Amino acid sequence: MPDLTIAASVNGRRVSKSAKPHQRLLDFLRDNLNLTGSKEGCGAGECGSCSVFVDGVLIKSCLVPVAKAQGADIETVEGLARSGELSVLQKAFHKTGASQCGYCIPGMVMAATAAIRANPFVGNEEIKERLGGNICRCTGYQKIFEAVELARDVLNGRLAATALAEDEQEDGRFIGANVRRLDAPSKVSGALKYAGDMVMLGMLHMAVLRSPHAHARIVSIDASEAEAMPGVEGVITCADVPGEDGFGVYVHDQPIMARGKVRYVGEAVAAVAAQDEVTARRACASIKVHYEPLLAVFDPEAAMRPGAPVLHDYAPDNLTKHIPIRVGDVAQGFADSDLIVEESYSTQQVEHAYLEPEAGLAYVDHDGVVTIVSPSQNITHHRHMLSRIIARPINKVRFIMSPVGGGFGGKEDMIYQGMLALMAMKTRAPVRLVFTREESIIATAKRHPSRTTLKMGLSRGGRIRAVEMKMICDGGAYGLSTEGVVRKAAILAAGPYAVPNVKIDTYGVYTNNTPSGAFRSFGALQAQFATESHLDICAEQLGLDPFEIRRINAMRDGATSHTKQRLKSVSYLRALDVAEQASRWEKGAPTARGDVRGDLGGDGTRAPCALGARFDDGTTPKSQSEVA
Amino acid sequence: MLLCDEYLTPATLDEAFDAMARTAGRHRIVAGATDTLPWAREGRAGDVHVPVLIDVAKIPELRERSVDERRVRIGAATPIQRFLDDPALARALPCMPRCAVWFADDQIRESATIGGNIVNASPAADGTPGLIAHEAHVELAKRQGGGITRRRVKLDQFVTGPGRTALEPGELLVAIECDALPGYGGSFEKVGHRRSLVISLVCLAALVKLDAAGRAFEDVRLAIAGIGPVPKRLADVEAFLRSHPVSAERLEQAADMPVELVASRTRQGYRREVVRGFMLRGLINAVQRAGADPAVLPRALEAAYA
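In order, the protein sequence lines correspond to chains A and B. Each number in our numbering corresponds to the 1-based position in the first sequence with 1 added. 53 is the number that our numbering gives to position 61 of the second sequence; each next residue is one higher, with no gaps.
Hints are computed from structural coordinates only; laboratory data are not their basis. Warning: the hint list may mix true and false statements.
[As the list claims (entries may be wrong)] Distance condition first, Cα-Cα at most 20 Å in a straight line; then the derived EDC-like pairs of lysine to aspartate or glutamate:
id	chain 1	residue 1	chain 2	residue 2
1	A	Lys456	A	Glu439
2	A	Lys427	A	Glu245
3	A	Lys194	A	Asp74
4	B	Lys50	B	Glu127
5	B	Lys146	B	Glu127
6	A	Lys397	A	Asp241
7	A	Lys588	A	Asp600
8	A	Lys427	A	Glu469
9	A	Lys18	B	Asp(-3)
10	A	Lys21	B	Asp(-3)
11	A	Lys289	B	Asp(-3)
12	A	Lys456	A	Glu533
13	B	Lys50	A	Asp604
14	B	Lys134	B	Asp171
15	A	Lys21	B	Glu294
16	A	Lys129	A	Asp168
17	A	Lys397	A	Asp368
18	A	Lys21	B	Glu(-2)
19	A	Lys18	A	Asp4
20	A	Lys289	B	Glu34
21	A	Lys471	A	Asp300
22	B	Lys201	B	Glu53
23	A	Lys18	B	Glu34
24	A	Lys427	A	Asp300
25	B	Lys50	A	Asp74
26	A	Lys262	A	Asp339
27	A	Lys427	A	Glu169
[What the hints assert, rightly or not] To give a feel for the contact side, a few chain A residues facing chain B, derived at Cβ under 7 Å:
id	residue
28	Gly46
29	Lys61
30	Glu127
31	Arg131
32	Glu439
[To be verified] Distance ranges between label pairs, derived from CB positions:
id	chain 1	residue 1	chain 2	residue 2	range
33	A	Gly85	B	His41	40 to 46 Å
34	B	His41	A	Ala525	47 to 53 Å
35	A	Gly462	B	Arg36	55 to 61 Å
36	A	Asp600	B	Asp203	41 to 47 Å
37	A	Glu293	B	Arg36	50 to 56 Å
Note that the structure is a prediction, hence the values are computed from the model and not measured. We put the CB at the ideal spot given by N, CA and C, even for glycine.
Could you put together the complete structure from these sequences and hints?
Structure below.
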């Protein structure tokens, strides 16, 4: 069927290029014109990383069939700084530090540009509304809003252009100073290349076939149809692994692709490389895998019981790791207590939701070095593991860390780099894999869901005499970072408090859920959620102020932690003072709730979000001509 | 991924019907495409191959709109954003700007069309209840013999179930016609997980006309979506309020009336609570915007709900 010829103006230049009828405007810009400043974060119009102007109107280019751009005037982020000088708004993003990982930033810059073009005096609430379709995972938006307000005021003349200049800095002083990010210009201009933006001559596109089963034996894999498909250059399964298969941050229990059985929905089973993405996906869909479903276990406590389905032969009890800590004598501590409080707490699975889905590019270079470019957060460890897996000496394996479009711990696992390496070795061609958002969610690690029981004994005056905690973390199907997470949880479980008697047991457990892995705070969050919630409950029962109960028990300079670490200085008391002051905390036991409290609302607290900044008197919207 | 062999962009209604006839059984109609593209992804329809996509969004007749003091006619391919930024539309359809500002986000509203929103027939469609409250009819066109025949269907009868409409094979939704209600106070209430890009759990459109003193209901229009398979006009509640003085008691009673209609498949208890709250908030907001005498409703009630 006929390709389309798209004739349009892109950033002021006439282009006339062939396009496939199914392509979206985003694909046309990125793949056909190599304008990779517009990113794909979700492909479903949710994130705004792909925002561009079409005939002066901001739209999401992942939701626009390319045929709609016929004859249009298109402006992308690359068009904003055409002269080489950053636009006022881009400079403002640089000044306020609004770009962190940078992946959402081209879209953010476009949406902010649209807001200021629509209304040069756009107010803060309207800025939030107009940026509502763009998601940032790093900044918490505050710096982005500051940047838009700064640019607005420079552009409308309320501020001089000098407001965009770098702040004067005291010599040698960095803490507390506004230090400019070196990589910001490349991010605000869309020039920075993430792994999914990179191309090489003759590059193949990879697609991955994933398990629909949580637990199943793989009886057979028939890829003959895929192999025979025109355009397909290679198919790989675990059978292509030449060395000792297995990766993980602590225990190397995960094969590059499922070996013998699958252990979670979304696990990689086979992969195809083809000359184009569509062929790779079609070929993948044609692979026939015969599964024999096995009994699965989804509850970590059920997985710990005798007779539960076993995931890994090496761990017949489904235990990834148990960390016990014993200090003093908890039985005596409870006997000496005036109040004993026992509660249970749970936290849920959380997706990292970085804006950049996983992507990588692999090739075997002229010296036979297997090279993987990817936003890996742990390249040296990956290099060592891969060397063993592909049975090549370490000097023949190279990892290049591409800019990480958000990680938060979620890119520490070598979840796809092994497949890329195998495929590059097999096809002798550069191979690129770009996850879809759905693939990123289904296949990659999550925050460990946890269940904690916590028993605390205290004196009438609020001093903690004993802590007994048991935490069970659902590690999912593979080990990844679980061992470290449950260890960190145990180390930090009793909090920054001097407790004489401590009994802590944390467990990481295999289940047929999506694997859990590293995620900001690495186990501390789950333990602190229990301990800090518990202290509030204890304060209430003892009639103590929650800040006070913490001060009574806080570790001081020179304290020894319950894992015998000597702490030269402890800043906890100072942090408490600052938090108490900033929150305008009303002193007393936390027994009063609701409107009677004087410390709710006020400066520094946010009103609930609403819409309607564009309605002038509450009944009619301002017209475009009025705001323009 | 949505795959197609051919993407057609007819320039006229005739060309569209030609294309539809030539590719009968092999095509899908798109307008804004903002629902079609996310539909063809993992977790929903997956990779979909549609031989021919016919894009009707550029047909001039589908983009026209006309407004007078009594009636409004909107081409089916009108982007949702026009309800927010076209002053003539906003004046004639007082609840629609409120609806538009909650609809997806500024960017998607520039692509997404009102016709697409209606034809998709999602039980949570944001655009439909407001138009139902405006007594909307849809105009459906079809090629018959050598010419084009048209029929009109009331919007609340056009949507027959989740994803189902009275659209017949070969028919296109070309326009929406509804009452112009300048001077009415309008409101649109919606609850979801966040401000932008959120699918309604419940949404409610309210229109209120008061007497000259701003103390009694002259007319009330209410429609609700998200609580059952199709959006619903609340005629009994309208009748209960019409010609009565505005009072807290009457509003509270009216707010209880549709609670029993909640027949959604999930979260019924929650939706019942929301419906009652929305009835109050929607009516109070509409009453205020209709120019109510400030003394007519207790401050505390307004503060609690509006």
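Evaluation of the provided hints:
Taking the CA atoms of Lys456 (chain A) and Glu439 (chain A), the gap is near 40 Å; set against the 20 Å cutoff, the hint is violated. About 17 Å separates the Cα atoms of Lys427 (chain A) and Glu245 (chain A), which keeps this hinted pair within 20 Å; it holds. Of the supplied pair hints, the one linking Lys194 (chain A) and Asp74 (chain A) is violated, its CA atoms being roughly 25 Å apart against a limit of 20 Å. Between the alpha carbons of Lys50 (chain B) and Glu127 (chain B) the distance comes to roughly 27 Å, so the proposed pair goes past 20 Å and is violated.
Simply put, Lys146 (chain B) and Glu127 (chain B) have alpha-carbon atoms about 8 Å apart, close enough for the 20 Å limit, and the pair holds. Simply put, Lys397 (chain A) and Asp241 (chain A) have alpha-carbon atoms about 18 Å apart, close enough for the 20 Å limit, and the pair holds. Distance check on the hinted pair: Lys588 (chain A) and Asp600 (chain A) sit about 10 Å apart at the alpha-carbon level, within 20 Å; holds. With a C-alpha separation of about 54 Å, the suggested pairing of Lys427 (chain A) with Glu469 (chain A) is violated against the 20 Å cut-off.
Proximity of Lys18 (chain A) to Asp(-3) (chain B) is assessed by CA-CA distance (about 18 Å); at most 20 Å being required, the pair is judged to hold. With a C-alpha separation of about 8 Å, the suggested pairing of Lys21 (chain A) with Asp(-3) (chain B) holds against the 20 Å cut-off. Proposed proximity of Lys289 (chain A) and Asp(-3) (chain B) is contradicted: the alpha carbons are some 26 Å apart, above 20 Å. The suggested pairing of Lys456 (chain A) with Glu533 (chain A) holds, with an alpha-carbon distance near 13 Å, which does not exceed 20 Å.
Restraint check: the Cα-Cα separation between Lys50 (chain B) and Asp604 (chain A) comes to about 50 Å, which exceeds 20 Å; the hinted pair is violated. A C-alpha spacing of about 24 Å is found between Lys134 (chain B) and Asp171 (chain B), which places the hinted pair above 20 Å, so the restraint is violated. At roughly 56 Å between alpha-carbon atoms, Lys21 (chain A) and Glu294 (chain B) are farther apart than 20 Å, so this suggested pair is violated. For the suggested pair Lys129 (chain A) and Asp168 (chain A), the alpha carbons sit about 26 Å apart, so the restraint of at most 20 Å is broken.
The hinted pair formed by Lys397 (chain A) and Asp368 (chain A) meets the criterion: a straight-line CA distance of about 8 Å does not exceed 20 Å. With a C-alpha separation of about 9 Å, the suggested pair Lys21 (chain A) and Glu(-2) (chain B) falls inside the 20 Å cut-off, and the hint holds. Distance restraint check for Lys18 (chain A) and Asp4 (chain A): the Cα-Cα separation of roughly 10 Å lies within the 20 Å cut-off, and the hinted pair is therefore satisfied. Simply put, Lys289 (chain A) and Glu34 (chain B) have alpha-carbon atoms about 18 Å apart, close enough for the 20 Å limit, and the pair holds.
Proximity of Lys471 (chain A) to Asp300 (chain A) is assessed by CA-CA distance (about 16 Å); at most 20 Å being required, the pair is judged to hold. Proximity of Lys201 (chain B) to Glu53 (chain B) is assessed by CA-CA distance (about 32 Å); at most 20 Å being required, the pair is judged violated. A hinted pair counts as satisfied when its Cα atoms are at most 20 Å apart, and Lys18 (chain A) with Glu34 (chain B) does not qualify at roughly 29 Å. Our distance criterion of 20 Å between C-alpha atoms is broken by Lys427 (chain A) and Asp300 (chain A), whose separation comes to about 39 Å.
For the hint pairing Lys50 (chain B) with Asp74 (chain A), the CA-to-CA distance comes to about 16 Å; that is within 20 Å, so the pair holds. Distance check on the hinted pair: Lys262 (chain A) and Asp339 (chain A) sit about 54 Å apart at the alpha-carbon level, beyond 20 Å; violated. Taken as a hint, the Lys427 (chain A) and Glu169 (chain A) pair is broken in the structure, with Cα atoms around 55 Å apart against an allowance of 20 Å. Against a cut-off of 7 Å between C-beta atoms, the interface hint on Gly46 (chain A) holds, since the closest Cβ of chain B lies about 6 Å away.
Among the interface hints, the one on Lys61 (chain A) holds; its C-beta lies about 5 Å from the nearest C-beta in chain B, closer than the 7 Å criterion. For Glu127 (chain A), the interface hint is violated, the least distance from its beta-carbon to any beta-carbon of chain B being 10 Å, above 7 Å. With 7 Å as the threshold, the beta carbon of Arg131 (chain A) comes within range of chain B, its nearest partner Cβ sitting at about 6 Å, so the hint holds. Here the hint on Glu439 (chain A) is kept, as its CB sits about 4 Å from the closest CB of chain B, short of 7 Å.
Between Gly85 (chain A) and His41 (chain B) the C-beta distance comes to about 44 Å, which sits within the given range of 40 to 46 Å. The hinted range of 47 to 53 Å is satisfied by His41 (chain B) and Ala525 (chain A), whose Cβ atoms lie roughly 48 Å apart. In this structure the supplied range 55 to 61 Å holds for Gly462 (chain A) paired with Arg36 (chain B), their Cβ-Cβ distance being about 59 Å. Look at Asp600 (chain A) against Asp203 (chain B): about 46 Å separates their beta carbons, and that is inside 41 to 47 Å.
In this structure the hint that Glu293 (chain A) and Arg36 (chain B) lie 50 to 56 Å apart at CB is violated, the actual value being about 28 Å.
In the structure shown, a violation is registered for the earlier hints numbered 1, 3, 4, 8, 11, 13, 14, 15, 16, 22, 23, 24, 26, 27, 30, 37, in ascending order.
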